[in-house]
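The residues making up each chain are set out below.
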Amino acid sequence: MEIMRCESLSKVYQAGENKVYALNQVSLSLEQGGFIAVTGRSGSGKSTLLHLLSGLDHPTSGRVIYQDAELYKYSDNQLSVLRRRRFGFVFQSYNLVRELTGWENILLPVMLDNRRADEAYLNQLIDLLGIRDRLNHLPGAMSGGQQQRVSIARALANKPAILFADEPTGNLDGKSGREVLTLLRHVNRELGITLVLVTHDLNVAEQADRVIQLEDGRVAHDSGVMQA
Amino acid sequence: MKRLTMNRVAWASLRHYRKSYASLAAGIFLAVYLACTAVLCIHGTLEAGNEQMARRLGRADTILLNSPHVTDEQIRSSNLFDQLGHIYVTASVENTDVYTGYYDKTANHLMYRRCVEGRMPEKAGEIAAEQSALDKLGLENAAVGDVFTWNMQPFEGLSEQRSYTLVGILSEQTVYLNPDRWFSTGFGTVQLPAILISADDPPFPVGSATVHRVMTDRPLVTLNQIQNWQDGLLHMSCHISRVTGRITPYDSTEYEMERRAEQAALWLMLGGALLLSACVGIASAMESMLDRKTEDIGMLRAVGATRRQIRRLLGRDAWLLAIIALPVGVALGCLTCWGLSRMMPEKMVFHPSPWLLLPVLGVSGLCVFLSSALPLRRASRQTPMGVLRDTALLRRARRFHSRRAFDGPQLIALRQFRLHPLRQAGSICMVALMLICLMTLCVIASLMDWSALGYQEAFILSGGGQTLEGVENDPFVQELEAGAGLTQSDMHQLRSLPLVSRVDMRLSTRVILQLPDDTPGYFQTQYVPLRLANGYETRYSVRVTDGGLNTAYLDSIESSFDLPDEFHKRDAELDAAKHRALQQATGVEQNMVPMTVIVATLDDENFSGNLVAGDVDLAALDSGREVLVYAPNIVARAEGDRGGMHQTNQFFDDEISPAQWDAVLINDFFSVGQTLPLMQLAGVQADSPTILMSEDALRSYYGGMERTSLVPVVGGILKGHLDIGGTWFFCPCLITTEKGAVTLGLRSNGVESACVSLASAPDVDTEALLARRIERIGNRHGMTFTNSLETRRQDRAYQMQIIALFGGMALLFFAVSVSMQVTSIARRIRADERMVGTFRAVGADETALARCYRLPVLMAAVCGLILAAAVCGAIRWAGLLMFRPWALLAALPMAALNVLCALAGVRGQLRRVMGRSIIENIREL
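Those protein sequence lines, which keep their order, are chains F and X.
If you use the numbering used here, the first sequence corresponds to residues 1 to 228, in order.
If you use the numbering used here, the second sequence corresponds to residues 1001 to 1925, in order.
Worth double-checking, as some hints may not be accurate.
[Unchecked claim] Some chain X residues near chain F, calculated using beta-carbon distances under 8 Å:
hint	residue
1	LEU1192
2	ARG1307
3	ALA1844
4	ALA1848
Read the hints as simulated data drawn from the structure, not as lab findings.
Beta carbons are placed, not taken as given, at the ideal position from N, Cα and C, and that holds for glycine.
Make a model of the complete structure from these sequences and hints.
Shown next as structure tokens:
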């Protein structure tokens, strides 16, 4: 079942007289519960695609449709609600709020949604991520892997429908990277959350249900389409 | 290779961060500019005051009265005086206090005599006279060209008839000396010539003219120096106006100086407030500058810079900026002051001097130093790794925990507040200053009388009625003297002036009250023991009479009445002798005490708060049937002794608590409906009784007086603070109306004070005319004239100035506090852009983000409010200004408005950042 699709999605950066196509006429359909890996070389438009799909950035042209509604026709506030309830986002550089402890960072989307935290779920999540002993620390006092796990917990705190992860292992050493990836895979399988993951690591991509390879802003190869 | 110095590093930093230094530079420039403007304005205001005073009152002068043993040479060699002139007073005219005389050339210049009509006398037989002198001589209609033959009385020798031709009317001068009688000599009269004769006038055969000398004080000579010079000289330090010729003793200029000082204080306050805001601006700009340089600081610390080096290096920027800002700031400050002096030439002059640069440099330097010290200190105290990783700071921030429910934005705001308290300190100060100004404004406005200035009690003549002889009067006798106080015809003249609706009068006269056989306690003298600082024990006496009479005589002095010491005993014996002579002369056997009767224009509203028994029945007062009695309960307390001197303080019984009473005199005599057996002894007496007179002489003195008996009934008893016609009364007295005094047959001198009310507000010309005519009527009797309209106008103008000042300051602080908060938060939002992006990425909307920044604004308002309330409380506690709690309520809307404006600014800034996409927000630089 399709959860999200995009049609003729383009993002153009104006650099002086030249137009740089970060993304050029990309059309995709994402299946619910899938693990989709977006790969490609640096500058191929992976991150841009992820940003546009998750409603973090605005496309130059094209549409993103989530559950039959066009994402970029929402107002900023509606889009905010959507982001905090339906989407989770894991950044490569973690982007934790440095003034808040790990636990507080995790609670942030729940609080913004004015809901009570589902503590049982969060505890399960924390145990799963193995960050219980780091919860009362500020991000500055955590290692990269720990920060990334907190940021994953934060992304999952509201039980999103889709989890976007932008090179979540990019800043981590091999072992931490593998652990994080296992976690994500686990989350995808156990909680049924659709996982869209950007990576240039082919080992990571191998574990995905579907691999979309981008080149110069266009889809060069899509394993999902081939399978269909 | 060029050597690397602190200055070079600072310059490089200035060049590199050029744009970021803008706000710091602006703050420093503002401080220099404001310091310069404030110093110039204060200096200009004081200078203008001096110039104005010199114009109106003259420069500092000294008049040396009749001191033949001091030679001109001594005066010149004293180095205290510049110019020296001589005033020759030749004779008294018709035995009055009008004197003739002439000046030498310098005195003529210094005394500034000029004619308002005609010319100065040039040859023998010619005179120029002041109009008031002619009035006193009964020549009110004299005109230039008239010839008078007067009996001239020189200071020694026989009087002589001389004829003079009036050739000019002089501008008034001696008349100003009369009211306070400060210019009297041992003869008790003013001895400066009111009538000028020519120096060619033939001298009198015996004796010579009295010579006064007039000198201008050298610059920087103090009053003290002159007073210490040849102690015991009859000299007067005064101002002689070069415009009006008016002579004013130093005392009256004190008020003038106070006014100037107040004006300068206002400038000081305004300047101080502005400087403070500039300081806060510098501090917050410095703080944000240092925030931006956090990594540099960490790097410097890492490469081994000491705290002191960091402080010096970063502080150097501020000093370099101050040096750059100095010439521009000073130039602009001069320009502003010049402009202000053009706008209000009477209030301020522009006299720049290189010396003024010193305070300017000092003040602006101090501003820069103080305001940059705290941020620099904070910056330099960070640890190298702490700065780089921020963890040390953040650890402190963790002291704030979410209490009930987790609230991210609020927590962030709280922790930011904890991390950067100085960022908020400035805003809090500004909000507090704004609220203090506003509350002060409210309190001042509430104290002000907003009704129209009014034309009631517009002009006041006071200080008349007393006999001009400076000899102590006998308390039992009303001495009569022609010309003392306003006469009926003067009152009639006052009443018939245009626009005058009513003239309230007051005068006093003396009567004798016959007491019952047992002397009431109210009239007995009480003695209070007093231990002086030097260990000496004494007693002071407390009594109700105001005539200096020791009422101890009432308990016959031969009896065993216990008088504390010889002094009091002799005092009482003398008064007992007087009393015996009085009894024998009048044939009255009872004891008697003197009482003052106040005769005044009364109406129903008088005494409403004073009446304790009976009522004020004007008809009964007018008919002479009743009088009112003022019989306050008097308590006394001995205080303030200074080595042998002691001071007796008398209060009313409600003023101090009974525990503090040393003596108390409670009315146990007067009651409503009581018939008062009164007697008045009145008469013109050349020789007043002295303590040396025998009882026989006293008997014939009292026997020679005109005697009137009267038996009015007490209509009402008054107590507390009694104010009649602007004068406070403290001793018991009787009160009646003008008609009542006539029906009772009381004899008195003329009216002591008259208060002229107008039917409507006069125009400028009418006011000037009225003032001139009323002043002239008063001048005839040596009374002091006060134009209350002018005083009220000045007061109103001054109050409006203060209100405008505080209003302006409140607005200024409002603007500064809002802009400070908005710019500080805008800076933070820019710096926090990544966090804003993160928040947006996890689904925060504008409202949630605004909450991160709302807290500092609310905190600034609440803390500012608390601070302002505390300061106002302290001011109230110190007794400087009576702040009332409702002023705080008035401050609330302003604080709320401040919050709203700041929040609107915050929203605007947030929208700007949110106009960019989240990815742009979180993109790493």
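Going through the hints against the structure:
The beta carbon of LEU1192(X) is not positioned within 8 Å of any beta carbon in chain F (closest approach about 83 Å), and the interface hint is therefore violated. Below 8 Å, beta-carbon pairs count as interface contacts, and ARG1307(X) has none with chain F, the closest being about 23 Å; its hint is therefore violated. The restraint placing ALA1844(X) at the interface with chain F holds, with a minimum CB-CB distance near 5 Å, inside the 8 Å limit. Given the 8 Å rule on beta carbons, the hint for ALA1848(X) holds: about 5 Å separates it from the nearest Cβ of chain F.
Violation of the numbered hints given earlier is confined to hints 1 and 2; the remaining hints are satisfied by the structure.
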